[in-house]
Amino acid sequence: MARETSSLFTRELVLGAARDSFPKLDPRLQIRNPVMFIVEVGSVITTGIFALQLLRGDTGNLWFVATTAVWLWLTVLFANFAEAIAEGRGKAQASALRATRTTTAALRRLPDGTLEEVPAPELQRGDVVVVEAGGVIPADGEIIEGVGSVDESAITGESAPVIREAGGDRSAVTGGTRLLSDKLVIEVTQEPGRSFLDRMIALVEGAERRKTPNEVALNILLAGLTVTFVAAVVTLRPYALYSGTNLSQTVLIALLVALIPTTIGALLSAIGIAGMDRLVQRNVLAMSGRAVEASGDVDVLLLDKTGTITLGNRQASEFIPVDGVGAAELAEVAQLASLADEKPEGRSIVVLAKEQFGLRGRELADHEALFIPFSATTRMSGVDLDGHRLRKGAADAVKRWVTEQGGVIPPRLDEAVETIARAGGTPLVVAQDNFVLGVVHLKDVVKGGMRERFDELRRMGIRTVMITGDNRVTAAVIAEEAGVDDFLAEATPETKMALIKEEQAKGRMVAMTGDGTNDAPALAQADVGVAMNTGTSAAKEAGNMVDLDSNPTKLIEIVEVGKQLLITRGALTTFSIANDVAKYFAILPAMFATTYATVPGHSGPLAQLNVMHLGTPRSAILSAIIFNALVIPALVPLALRGVKYRAIGATALLRRNLFIYGGGGVILPFVGIKLIDLIVHNLLGA
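All the letters of the sequence shown, read from the start, carry residue numbers 1 to 686 under this note's numbering.
Just so you know, the hints here were simulated from the structure itself, not pulled from any lab data.
A couple of the hints might just be wrong.
In the DSS-like style, the derived pairs of lysine-lysine whose C-alpha atoms are separated by at most 25 angstroms in a straight line are [to be verified]:
#1 Lys354 to Lys506
#2 Lys343 to Lys506
#3 Lys399 to Lys343
#4 Lys343 to Lys354
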């Protein structure tokens with residue numbers, strides 16, 4: 001169960017982010033963000049101008065300089081606050097994980113078979129430990145002996161215990177979880193101080209987050225825009241001197257800060273951190289911000305069939321009697337032969353007989369029933385009851401058994417068996433004594449809603465490929481029913497990897513999910529490799545994401561989160577650039593309203609461009625700076641929650657962004673600056 005954040009802004013979170021905003025003023029940290037670094041430099045210079053004027057006793061425009069300096073510093077602090085509050089959400093989750101970590105003693109098994117008690121931190125890779133029921137698993141490892149029920153709630157948030165056993169793809173265990181039953185012998189796979197829980201805490205805190213290629217490209221764009229506006233503002237000084245307009249250093253700095261893309265520059269880091277946080281809320285750990293962003297660019301999804309697209313267990317779907325036998329009679333015998341069968345297939349036969357014919361399970365204790373379990377030798381199971389022998393199993397095995405009893409195989413039986421096999425199902429032949437009654441059709445049931453989800457992915461421009469070890473006939477049937485675009489049948493580790501490389505060679509971004517050691521090469525090759533937490537250590541090391549819930553369909557949610565991150569960044573970038581353009585046309589006319597005036601202090605011909613009728617050049621610049629600062633915290637909730645994702649094409653998405661965020665970025669500054677100017681000019685007399 002995913003951890004949900006009850007509120008974006010709790011009191012503790014806001015106070016912690018406010019405190020963390022001040023250490024982030026360190027220029028060595030700010031220089032990583034060129035836009036905000038320039039704002040901080042401008043803040044320092046403006047503060048210095050204020051101090052010099054104060055020392056000289058020059059009070060002519062002291063209030064204007066002081067107010068400008070305050071709002072410039074607030075702009076930097078608001079940007080730091082946006083980043084700090086995004087980081088704070090991750091730190092809160094990391095603290096919860098850290099609280100689950102306990103120092104335990106471990107029973108290490110020596111080569112001679114004796115056990116010694118050692119502190120868990122002293123365990124080395126390759127050590128073998130024994131864990132009894134009720135004990136805490138001391139380190140990450142692989143089960144080499146035993147099977148047991150493990151409580152992983154401290155890691156996954158799920159209260160239901162899970163089964164872990166030696167061999168197969170469910171042998172991995174995590175240090176800090178608790179064994180509820182039986183006994184396990186575990187080989188330690190972690191390096192000292194590098195447990196899975198330690199890595200989770202580091203990842204959640206964002207310590208290993210790196211900028212992604214798109215983020216680097218956007219930073220370059222923002223730096224380019226900043227340089228352009230620096231050049232534009234610098235050239236205003238000689239023009240102002242020539243025209244007789246007084247543009248002080250304070251005004252030029254404030255103008256520069258108002259025009260450069262501070263909005264997206266301030267929120268860029270918070271958007272990336274929030275993307276990782278949204279994955280954590282879904283119980284998915286991304287090893288880096290690069291992996292989250294890559295998931296947003298995915299255009300090919302490789303999904304394992306069993307357990308992802310289908311339920312994973314074949315279910316009875318139809319009773320097909322032979323000539324002369326009623327469907328109800330076939331259902332009754334099939335049900336009796338399945339009463340002791342606890343496998344999902346056997347349970348589904350009992351359920352189908354009840355649904356179609358009202359047959360209910362019976363108490364057979366008084367009938368001296370002898371149940372025959374399934375074996376790999378006979379490939380049949382059933383029951384001996386009231387002098388009759390009831391069997392169900394593989395077609396060739398049951399046919400041979402009936403023939404040995406002196407029975408005759410019905411002429412249309414093979415046709416029914418072949419029809420089911422061609423449809424991708426499994427035929428289960430049912431017989432009573434020496435007579436074949438018919439066939440039960442077992443099919444791998446596609447999960448509800450999968451076709452709709454694949455249709456949605458198709459609208460997103462993502463191609464889906466089903467991976468299965470089934471033969472091509474069976475794979476084709478399931479692929480058609482599920483609605484995937486393509487399939488890979490009889491898949492091996494080599495063919496999976498070859499398919500990924502082939503898609504990548506075409507310039508596509510590929511994501512896949514897996515849990516076994518045989519999936520590790522493909523997980524490492526894929527651009528987004530999601531390993532199941534229940535899987536082997538090899539799979540978890542190879543992937544760049546780990547799904548703590550071990551739900552293979554989570555891959556679809558991961559892609560949606562990645563796309564939401566990219567859409568949010570694109571939307572706020574569009575808003576920021578449109579915002580800057582609007583501020584440019586709102587401020588400059590007001591600043592040069594008195595230029596070329598025939599009477600000093602009165603409006604000149606350029607005043608006609610001041611369509612907003614801002615009060616004075618000073619009130620215009622102050623209003624722009626105040627608006628520029630306030631819009632940053634106002635957009636923090638949107639940066640953290642993300643723009644709502646919709647499965648629409650790139651063209652429609654661009655049109656929507658331009659209309660909503662581009663249009664909003666143009667209109668909002670005119671409205672906001674005008675309202676602030678009314679206060680600054682009329683009430684404060686600026």
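A quick look at each hint next to the structure:
no., hint, verdict
1, Lys354 to Lys506, "violated (52 angstroms)"
2, Lys343 to Lys506, "violated (44 angstroms)"
3, Lys399 to Lys343, "holds (23 angstroms)"
4, Lys343 to Lys354, "holds (17 angstroms)"
Hints 1, 2, counting from the list given before, are not met by this structure.
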